[in-house]
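**Student:** The primary structure of each chain is shown beneath.
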Amino acid sequence: MTQSTKSILLWGTVILGTIGLVWLLASLGSGSTDSPQSLSDGITDTDQVKGTRNAQVTLVEYSDFQCPACSTVYPLLKQLSQEFPDTLAVVYRHYPLRSIHPNAQLSAQAAEAAGLQNNFWEMHDVLFNTQSQWSSLLNPTDFFVQLATSLGLNTEQFKTDLTSSAVEAVVNDSYARATSMNLPGTPSFFLNGESIQNPGSYAGFKSLIESALSAT
Amino acid sequence: MNTQETTPKEQPPIKKNIVPHTLFAMIFFVVAVLGFADSTYLAVKKLSGSPVTCTIVHGCEIVTSSVYSEIFGIPVALLGSLFYLTLIILAVLYFDKKKNATLVLLAKLTWIGLFASIYFMVVQAVILDAYCIYCIGSAITSSTLFVLGMVYLKKNGERKKKEKDII
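The listed protein sequences derive, respectively, from chains A and B.
The opening position of the first sequence corresponds to residue 1 in my numbering, with each subsequent residue numbered one higher.
The opening position of the second sequence corresponds to residue 217 in my numbering, with each subsequent residue numbered one higher.
Keep in mind that the hints were calculated from the coordinates and are not lab data.
Values in this document were obtained by computation on a predicted structure and should not be read as measured data.
All C-beta atoms, glycine included, are put in the ideal place defined by N, C-alpha and C.
A portion of the hints provided could be inaccurate.
Computed spacing ranges between beta-carbons, pair by pair [claimed, not checked]:
1) Lys313/B / Tyr202/A: 35 to 45 Å
2) Lys313/B / Ser99/A: 43 to 53 Å
3) Thr216/A / Val246/B: 48 to 58 Å
4) Ile287/B / Asn139/A: 33 to 43 Å
5) Val246/B / Thr44/A: 27 to 37 Å
6) Thr302/B / Ser99/A: 34 to 44 Å
7) Ser282/B / Ser99/A: 46 to 56 Å
8) Thr149/A / Ile343/B: 29 to 39 Å
9) Asp142/A / Val283/B: 27 to 37 Å
10) Arg98/A / Ile343/B: 46 to 56 Å
On the chain A side, residues computed to face chain B include the following (Cβ under 7 Å) [as the list claims (entries may be wrong)]:
11) Leu10
12) Thr13
13) Val14
14) Gly20
15) Val22
16) Leu25
Model the full assembly from the supplied sequences, consistent with the hints where possible.
**Tutor:** Have a look at this one:
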């Protein structure tokens, strides 16, 4: 074998190997992990629902108020409920990633406590809007109480509900359901019960919902 | 086309074994491939942009979504990939042409990786207070390459000195 043939073989192998490696990593990096394919339950009584409960299309989100990716996706979901007010039900389920987000659990309880005063979604929005302000607090209780006051809630009632065992149980139940499904993280989405990859853009979400609408 | 070059190379006497250039080149190559795979995976994640998720295992989303993850709009992971790719090409160039100068250049370039790694580890520890396992992985490969690079340069320097002394 001549030196030039050797060179060609060597570089050819390296180039092909590199391309193969990049391709493999690209499919690994953008592919979905072994997340569950479908939800075992429909909308339950404890679920927080935006839109009509028996809407044609249901989008369930497992989310965490302290997760930056969830806060990125929240304005898109809000816009979707405005665009499909009668045909889409957006369901928020708690999956506070406690091990990496120390205030996730209490923020979820804050939203549920506000929910008892029929202000779940208002608290949901304001929690995401102020995420950077309370994420690093050692004890965010006062901050959440301030948010409740700014929303015009009964502050004393909110304080009691925030740490009540009933509210805690709602969040914990949702967390338990998420872990039992081996959800890899947040946000995780289920469209009409089927797992979907986060499209990451409004147009992506919209076309998924439109195709689900035309399928029903 | 290199036949003229290879003939004299066949006979270099005893001193050939002082520095195991090929062994160094192979280790450089393997570690650089690991670093390349790691950085490219992160770059792909970053460039595909879409499903950034918060996973239970680590705080990658904080690190990779922070302002420090880009320089002038270019993901730093991509720059990392290019860095490792350069090292891979230099190592392969050595396998091809067997010129020590390519390995010397490779070894000197490992300084870049070391400085970049120190900077990003400081950013993660001090500013973000969050660690991304892939970034730590890259810091390990960069530091390994640096140590190897310095060992190589030292050995190569000693060899050159010996050669000079002989002359």
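**Student:** Each hint needs a verdict: does it hold in this structure or not?
**Tutor:** Hint-by-hint comparison with the structure:
1. Range check, Lys313/B to Tyr202/A: about 53 Å between beta-carbon atoms, so the 35 to 45 Å window is missed.
2. Evaluation of the 43 to 53 Å hint for Lys313/B and Ser99/A yields a pass: the beta carbon distance comes to about 51 Å.
3. Evaluation of the 48 to 58 Å hint for Thr216/A and Val246/B yields a pass: the beta carbon distance comes to about 54 Å.
4. Ile287/B and Asn139/A have their C-beta atoms about 36 Å apart, which keeps the hinted 33 to 43 Å range intact.
5. Val246/B and Thr44/A have their C-beta atoms about 53 Å apart, which leaves the hinted 27 to 37 Å range violated.
6. Taking the beta carbon of each, Thr302/B and Ser99/A are about 38 Å apart, inside 34 to 44 Å as hinted.
7. For the pair Ser282/B and Ser99/A, the beta carbons lie near 20 Å from each other, so the given range of 46 to 56 Å is not met.
8. One distance hint, 29 to 39 Å for the beta-carbon pair Thr149/A and Ile343/B, holds here, with the actual separation near 32 Å.
9. Taken as a hint, the range 27 to 37 Å holds for the pair Asp142/A and Val283/B, whose Cβ atoms sit roughly 29 Å apart.
10. Evaluation of the 46 to 56 Å hint for Arg98/A and Ile343/B yields a failure: the beta carbon distance comes to about 24 Å.
11. Given hint, Leu10/A at the interface with chain B, holds; its Cβ is 6 Å from that chain's nearest Cβ, closer than 7 Å.
12. At about 9 Å, the closest approach between the beta carbon of Thr13/A and any beta carbon in chain B exceeds 7 Å, and the interface hint on this residue is violated.
13. The closest approach between the C-beta of Val14/A and any C-beta of chain B is roughly 5 Å, which is under the 7 Å cut-off, so the hint is satisfied.
14. Annotation: Gly20/A was flagged as interfacial toward chain B, and the flag is violated, the nearest CB pair being 11 Å apart, outside 7 Å.
15. At about 6 Å, the closest approach between the beta carbon of Val22/A and any beta carbon in chain B falls short of 7 Å, and the interface hint on this residue holds.
16. Interface restraint check for Leu25/A: the shortest CB-CB distance to chain B comes to about 5 Å, inside 7 Å, so the restraint holds.
Of the numbered hints stated above, those contradicted by the structure are hints 1, 5, 7, 10, 12, 14, listed in ascending order.
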